[in-house]
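**Student:** Listed here are the chains, written in short residue letters.
Protein chains: 2
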Amino acid sequence: MAIDDVRTQPRDAESTQKAIAILKQQFGEKVQTGEAFREQHAHSTTYLPAQLPDGVFFAENAEDVKQAVKVCAEYKVPVIPFGTGSSLEGQVNAPEGGISIDVSRMDQVLEVNAEDLDCRVEPGVTREQLNDYLRDTGLFFPIDPGANASIGGMASTRASGTNAVRYGTMKDVVLSVTAVTADGEEITTAGRARKSSAGYDLTRLFVGAEGTLGIITSVTLRLAGIPEKIAGGVCSFETLEEACNAVIMTIQMGIPVARIELLDAMQVKACNAYSNLSFAETPLLLVEFHGTEDSVAMQSEMFGEIARECGGKDFTWTANAEERNRLWKARHSAYWAGRALAPELGSLSTDVCVPISRLAECVNETQKDIEKESFLAPIVGHAGDGNFHVLLLFNDKSPEEIARVEDFTTRLAERALAMGGTCTGEHGVGQGKKRLVAVEMGGSIGVMRAIKKALDPDNIFNPGKVFD
Amino acid sequence: MAIDDVRTQPRDAESTQKAIAILKQQFGEKVQTGEAFREQHAHSTTYLPAQLPDGVFFAENAEDVKQAVKVCAEYKVPVIPFGTGSSLEGQVNAPEGGISIDVSRMDQVLEVNAEDLDCRVEPGVTREQLNDYLRDTGLFFPIDPGANASIGGMASTRASGTNAVRYGTMKDVVLSVTAVTADGEEITTAGRARKSSAGYDLTRLFVGAEGTLGIITSVTLRLAGIPEKIAGGVCSFETLEEACNAVIMTIQMGIPVARIELLDAMQVKACNAYSNLSFAETPLLLVEFHGTEDSVAMQSEMFGEIARECGGKDFTWTANAEERNRLWKARHSAYWAGRALAPELGSLSTDVCVPISRLAECVNETQKDIEKESFLAPIVGHAGDGNFHVLLLFNDKSPEEIARVEDFTTRLAERALAMGGTCTGEHGVGQGKKRLVAVEMGGSIGVMRAIKKALDPDNIFNPGKVFD
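Protein sequence lines, in the order shown, are assigned to chains A and B. Heads up: the first sequence begins at 1 in full-length UniProt numbering, then just goes up one per residue. Heads up: the second sequence begins at 1 in full-length UniProt numbering, then just goes up one per residue.
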């Protein structure tokens, strides 16, 4: 998407320039105001128009963040945290200008306590980097969105991904964060104990706050032991409903599946083309089981039975790592595979999550809606959580098309809400879902606003995100 | 303990009486001001002196709670939520007087969505009542503190218990709450989806807030499937260190133990006497495994090997339900068994939680401290979480003894904090741990205070709890 710089409410330009000048004097090259830097930091994987910050500050440690926040707080200049820019709802945009705090240089793994299955990392560490680092410990970091996102960003959007059905989301694995609050001081939200009742759960408050309450400077994470055995498999279905029903039964039976991913026919077609695969172009489930040799075999057999019962074709499973990795690489490329269906078009990746019993119904109605609108829009989902994505490919230069897409996402969100679900399972709110979250949360939005105002009275932290 | 009525800061008596009069007029018998009612509602399982409310309001539905809060908000009268009164740190005391809102009549299971493994209950439903209700569904509510606490109270103190090592704490199983906030309106913090990124995690903010931010009027809970097979066993050890080492290895090996409880020699002695058992009066581990027949057998065998390696004697396990229930009944009576060691004495049950690798060290040092002080103080713990309790039996009429006990709990908390742990794993803060939590949380207490002030500017909700 082209770079547009559409600010909704620019703040006082003079104050912003003063703050930048002070930071430049103190930090020199760590502060950049060139167009290229500013563009890069507003450019996220989103359909929303880019809104450029006035400057970019490359923080190298928590002390840098504290200083930058202190200066920005004094001049009431917006502070927008930036990890890798892989968020999908405009979380890194700067609608009121300000300074993007890029934490990608804060990329140290600070400690690994293998004997306690935890570690502490700086926010710029990416999930792949962390798993490389952990390779020899027998442990891994299980949260696995498609992108190689930063841990700070993943915490801030309450990310999850393919493994969440077994290992939880960032809400579950973040034990504690340190964060710089509006007074420029750093707080620690908890210790390393597995559980605590010591006051308000500030850890969970910062997880999912999308940088609106402070800047995360380190994250303590619970890790998982690498399973003795991993088995995976694929199963094609005639219809989406059959595939969803197999997911529902798997969850209801309590099979501790580690991953259970749904691809609709269009997404399978996209992945076949993009990753050189040859699956039948009908709905597909990709599954993975973690455990002992016996247990993964048993889980695979049980799933196979369920799949057959639901109309699945030729379920096969394998413990062969190479074959498995090829499959999951294709799954992780689903977004780019989808985009490649129509590289000339813009895209919007939306996500909803419903109680598992409503998954088939929600996906089915959504696909009918897609057909009715003649959208090119593959569906892919972390079906075990009741969570699925629609990647809408459309002409984002056409106001009519944009309006049609927005109406579609509104209908999708309303459908999920009517089923007891949420308008976003893992992408977060950013700018794109503010109006939907306002509907979903009702009076709770007032409570969120009150908290925001109490902790950030001058609204310097990532203004214009989550709610208005 | 005798009833003392020691208010720290009584509020305006006239306003309180006005509010009570208005509520009496509107609600008649639902409002009680007799001494017996007031005493009962200040009397919790705590060492702290009782501080009586001025009246008790028996709410029967959310509408009642809204009305009561509206009246109390208008007259700035404290509102103290009351479930079953089983909290341990003075959470139900009324240091500034006010009205105790008893939710025990709000005891309806509102819905069970068996196909989604969730349910919604009123706050006065107790955990045993819920499990009775669920009996025929194949599901159970896994959070299991000793007392038959109310779900509202368990949510408010972020309770856990013996199953937490496998099934998590209230933080993990509460999907959503409805709560009446300071404006007398009811908010809903989330839907029923298994995960959501829709704004701030208000669910987790209310879980553990101890009623200081609002009154919980319903709780949506994630349930677990009743395991196909349950096996349990006991193993005696010569020393606490050996027993702790067996726990540490079990967790580090990733054995998905459902319960792993530690009793020191004194606690075993107490349980033998109270529950008519005949265990060797040395440190003991009680374990339980959930899964398929094969898997519980394998887990039991693996644990047996670890126990032997660590010096355990004669580990035996059984899938016999009657024998198992007898054991766990004894475990759940541990508190009363401890009290029965010296019924003439007062008691203080304290709890800390440390990273699992430090468990042996922390328990060992604590026992040395107990010996040095010649305290009668059994230790019992949810060892798999690194969480343990000390039940101090002491003359609570002696200021010197009280001071010695307070010094001990301070040393215990400091020991846990120095190891990266917390001063309370599951009892919460109430009045008793405010000073310790202030040390533990440092600057984060300021953030908690700001949130409290934003959501409850007149400090009507459970004043004097969690922090000053």
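Simulated from the structure, these hints should not be mistaken for lab results. Warning: the hint list may mix true and false statements.
If chains are identical, the list can't say which one is meant, so a pair holds when it fits in one copy or spans any two.
Claimed, not checked - Here are the simulated DSSO-like pairs of lysine-lysine, each with C-alpha atoms no more than 30 Å apart in a straight line:
| hint | residue 1 | residue 2 |
| --- | --- | --- |
| 1 | Lys18 | Lys76 |
| 2 | Lys24 | Lys329 |
| 3 | Lys18 | Lys452 |
| 4 | Lys452 | Lys313 |
| 5 | Lys329 | Lys30 |
| 6 | Lys372 | Lys24 |
| 7 | Lys452 | Lys76 |
**Student:** Going through the earlier hints one by one, which of them does the structure break, listed in rising order?
**Tutor:** The structure conflicts with hints 2, 4, 5 and 6, although it agrees with all the remaining ones.
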